[in-house]
Amino acid sequence: QKEVEQDPGPLSVPEGAIVSLNCTYSNSAFQYFMWYRQYSRKGPELLMYTYSSGNKEDGRFTAQVDKSSKYISLFIRDSQPSDSATYLCAMNTGNQFYFGTGTSLTVIP
Amino acid sequence: EAQVTQNPRYLITVTGKKLTVTCSQNMNHEYMSWYRQDPGLGLRQIYYSMNVEVTDKGDVPEGYKVSRKEKRNFPLILESPSPNQTSLYFCATTGGRDTQYFGPGTRLTVL
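Note that the protein sequences, when read in sequence, are chains R and V.
Residue numbers for the first sequence follow the working numbering, so the first one is 1 and each next one is one higher.
Residue numbers for the second sequence follow the working numbering, so the first one is 1 and each next one is one higher.
Because the hints were derived from the structure by calculation, they are not lab data.
No experiment lies behind these values; they were computed from the predicted model shown.
From the three backbone atoms N, C-alpha and C, an ideal C-beta is built for every residue, glycine too.
Don't take every hint at face value.
Said to hold, decoys possible - Pairwise CB distance ranges, derived in the manner of DEER restraints:
(1) R:K67 with V:P8: 26 to 36 angstroms
(2) R:P109 with V:E79: 30 to 40 angstroms
(3) V:S80 with R:P81: 41 to 51 angstroms
(4) R:P81 with V:D38: 23 to 33 angstroms
(5) R:P81 with V:T15: 41 to 51 angstroms
(6) V:Y10 with R:S69: 26 to 36 angstroms
(7) V:D98 with R:Q96: 13 to 23 angstroms
If we strip away everything but chain R, and leave its shape as in the complex, we get:
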């Protein structure tokens, strides 16, 4: 079983829609949870990180962690065509990072 599971999509939504991206994980030792955005032919860029359970909001983005269910989510409100990218979740325990496979998102104008 992989440490982190993420639905690869692809996901296609109309502009302005609310997008929900999700990951599940198996290691209860994970404490830090991150979301990255990766445009085609570019390196990932950190969008948000969350420590332990709870919600964190940054502009149109909300990250949610439910440690009891081993489930994390990223919500994008008022999605824009510029949000079209691959979104990666990642988790961290100690000094190692574990990534999901990424979900490809297309926002259609």
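Following the hints, position chain V against chain R.
Chain V only, in chain R's frame:
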């Protein structure tokens, strides 16, 4: 401007020919790491370094070596590349949980 540079960006080589991919950062971060990205497998950590002369294995270290002689540089060495090391490689630095930067990637093909 925060920057992580990798060289080369593209490389085609043959099995067994030693190669080095360089990584350099200008942020004075202590933590640096290498990842490979493959379709269906996502990003997997190869090696990481907590500081100069301190390195440790990630999830997929077999066939790779690293060194950290200076804080800004963290080269990835493939002593005897094989076709299963054909991949997209990323170097990354971390200055804290909310301060992480990835390089632009190195696309390696081993024939």
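Taking the hints in turn, this is what the structure says about them:
Between R:K67 and V:P8 the beta carbon distance is about 42 angstroms. The supplied range of 26 to 36 angstroms is therefore violated. At about 49 angstroms, the beta-carbon gap between R:P109 and V:E79 misses the expected band of 30 to 40 angstroms. Our hint of 41 to 51 angstroms for V:S80 and R:P81 holds, since their Cβ atoms are close to 45 angstroms apart. Between R:P81 and V:D38 the beta carbons are some 28 angstroms apart, a value that agrees with the proposed interval 23 to 33 angstroms.
Look at R:P81 against V:T15: about 43 angstroms separates their beta carbons, and that is inside 41 to 51 angstroms. Checking the proposed 26 to 36 angstroms range against V:Y10 and R:S69 shows it is violated: the Cβ atoms sit about 42 angstroms from each other. In this structure, V:D98 and R:Q96 meet the distance hint of 13 to 23 angstroms, their C-beta atoms being roughly 18 angstroms apart.
Of the numbered hints stated above, those contradicted by the structure are hints 1, 2 and 6, listed in ascending order.
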